[in-house]
Amino acid sequence: MAINVELSVETDPQALMKKKLTWRQSVVAVAFLMSLSLAIFFVVRAVRPMIYWHYHQDEPIRGWMTMGYVAHSYRVPPHVLHSALGLPDKPPDKRSLREIAKAQNRSMDEIRSLLLQAIVQARRPYPASPSPPTNPEASP
Amino acid sequence: MSITDQLLEAVLLYGLPVLFGVILIASVGVPFPISLTLVAAGSFVKQGEMKLAPVIIAASIAAILGDQIGYGLSRWCGRSLVDRITLRLGGAAKIKRAEAVSTKWGGPGIFFSRWLVTALGPWLNFTSGMAHYPWRRFIVWGAPGQVLWVVLYVMLGYIFSDRVQYIAEILGNLGWAILALIVAIILGWKLIRYFRPSSSVAA
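For the record, the sequence lines run as chains L and C.
For the first sequence, position 4 (counting from the first letter as 1) is numbered 3 according to numbering that gives the first Met the number 0, and the numbering increases by one without interruption.
For the second sequence, position 106 (counting from the first letter as 1) is numbered 105 according to numbering that gives the first Met the number 0, and the numbering increases by one without interruption.
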C-alpha cells in the first residue's frame, strides 16, 4: 500500500536491500520467520508418531482405553489381559482402564505394567499363550 | 490427559448422544480433543462397539448444528457487542477490513476450515456471523466440509483402528502445520511485494 509507493522511488536493488526495514516490515519479516518455523515444528511433530509407529508398532496404554481396545491394538487375545488384572473373561469388560484402576484401587502405572507384562508373555513364541481358564470356547 | 480420558469413556459408555453433544459443543468453539474423539469413534465402529452410519450421521449433524450456533451467536449477539467496543476503543476500520476479507474469501475459507485447518473452524464461524456473511452460503460451504471432516476422521479411525492415538496426533499436528504454512505464505507474499517494485523499475 503506502509502503510500495514510498519504495518505488528506489531504483537500485542493492540500495533497497541496504535500506532499513520500517518497523512494520520488520514485524512482518519476524512473523514470517516465526510462522515458517512453527510450520516446520508441527511437520516434525506430525512425522514423529509415523516413525515411532514404524519402528515400535505399539501405542502407549492410556486411561481412556478399554481392555478390548488394548487387546485389539496390541494384537493379543483379550482373555490374556482380563486374567492379568484378575477379571472374568466374559462378558467383555467395557470399562475404561482408568475406571478399572479406580475400582481395583490401583494406579494407572500399575495397571499399565501388569498389562504390558501379560502382553509380553502372550507374544512370546514360548510357551504358547495360555487358553482362557474359565471359558474354553471363548473366541479370541 | 484427563479430559480426553473422560470424553472417550463417556462416548464408549453412553454412545451416540455423548458423541453428538461433544461435537456440537466443540464446533461452537470449546476446545475439546475432538479429533481423537472422532478417530476413536471410527475405531469403536471397527471393534463393533458402535455402528458406522449412525456415528457419521450424528457427528455430521452435530458439527453442522454447532457451526450454526457459533454463526448465529456472533451474528445476532456478537455484532452489537463489537459495535459497542469499537465505539469506545476505536478500530472500526480494522473490523470493516476483516469483514471485507471474510466476505471475499469466506466460502473456500469456511469449507477448508471444516476439515483441513480445523483449528480455524469456530473462529471462522464467529467472523462469518460478525461479517453478516450470507447464511445460506455459509451452510452451502460449511455443511459439505463438515461431512467430509467426519467421514475422513471416522474412516481413518476405522482403517487404523489399532492406532487411534497416533492418527489423532498426526492429524492434529498436520492441521497446525498447514495453518502455520498458510500464514507463512501470506506473510512471505507481503515481503515479496515489499521488495518487488524496485526490481520492476530497475529491469
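I should point out that these hints are in silico values taken from the structure, not numbers from a laboratory.
Positions of the beta carbon are idealized from the N, C-alpha and C atoms, including for glycine.
Do not take every clue at face value.
Taking lysine-lysine pairs in the DSS-like style, the calculated list, with each CA pair at most 25 Å apart, reads [to be verified]:
1) C/Lys-189 / C/Lys-95
2) C/Lys-189 / C/Lys-93
3) L/Lys-101 / L/Lys-89
4) C/Lys-93 / C/Lys-103
5) C/Lys-50 / L/Lys-89
6) C/Lys-189 / L/Lys-89
7) L/Lys-93 / C/Lys-45
8) L/Lys-93 / C/Lys-103
9) C/Lys-45 / C/Lys-103
One side of the interface only, derived from the structure: several residues of chain L facing chain C at Cβ under 10 Å [claimed, not checked]:
10) Ala-28
11) Ser-34
12) Met-49
13) Tyr-54
14) Ser-82
15) Gly-85
16) Leu-96
Reference listing, derived: stretches of chain L covered by chain C, where coverage requires no fewer than 3 residues with Cβ under 8 Å from a Cβ of chain C [said to hold, decoys possible]:
17) 40-48
18) 108-120
Hints, verified against the model:
no., hint, verdict
1, C/Lys-189 / C/Lys-95, "holds (20 Å)"
2, C/Lys-189 / C/Lys-93, "holds (18 Å)"
3, L/Lys-101 / L/Lys-89, "holds (20 Å)"
4, C/Lys-93 / C/Lys-103, "holds (15 Å)"
5, C/Lys-50 / L/Lys-89, "holds (22 Å)"
6, C/Lys-189 / L/Lys-89, "violated (64 Å)"
7, L/Lys-93 / C/Lys-45, "holds (15 Å)"
8, L/Lys-93 / C/Lys-103, "violated (49 Å)"
9, C/Lys-45 / C/Lys-103, "violated (42 Å)"
10, Ala-28, "holds (6 Å)"
11, Ser-34, "holds (4 Å)"
12, Met-49, "holds (6 Å)"
13, Tyr-54, "violated (12 Å)"
14, Ser-82, "violated (20 Å)"
15, Gly-85, "violated (21 Å)"
16, Leu-96, "holds (9 Å)"
17, 40-48, "holds (count 6)"
18, 108-120, "violated (count 0)"
Going through the hint list in order, the structure does not satisfy hints 6, 8, 9, 13, 14, 15, 18.
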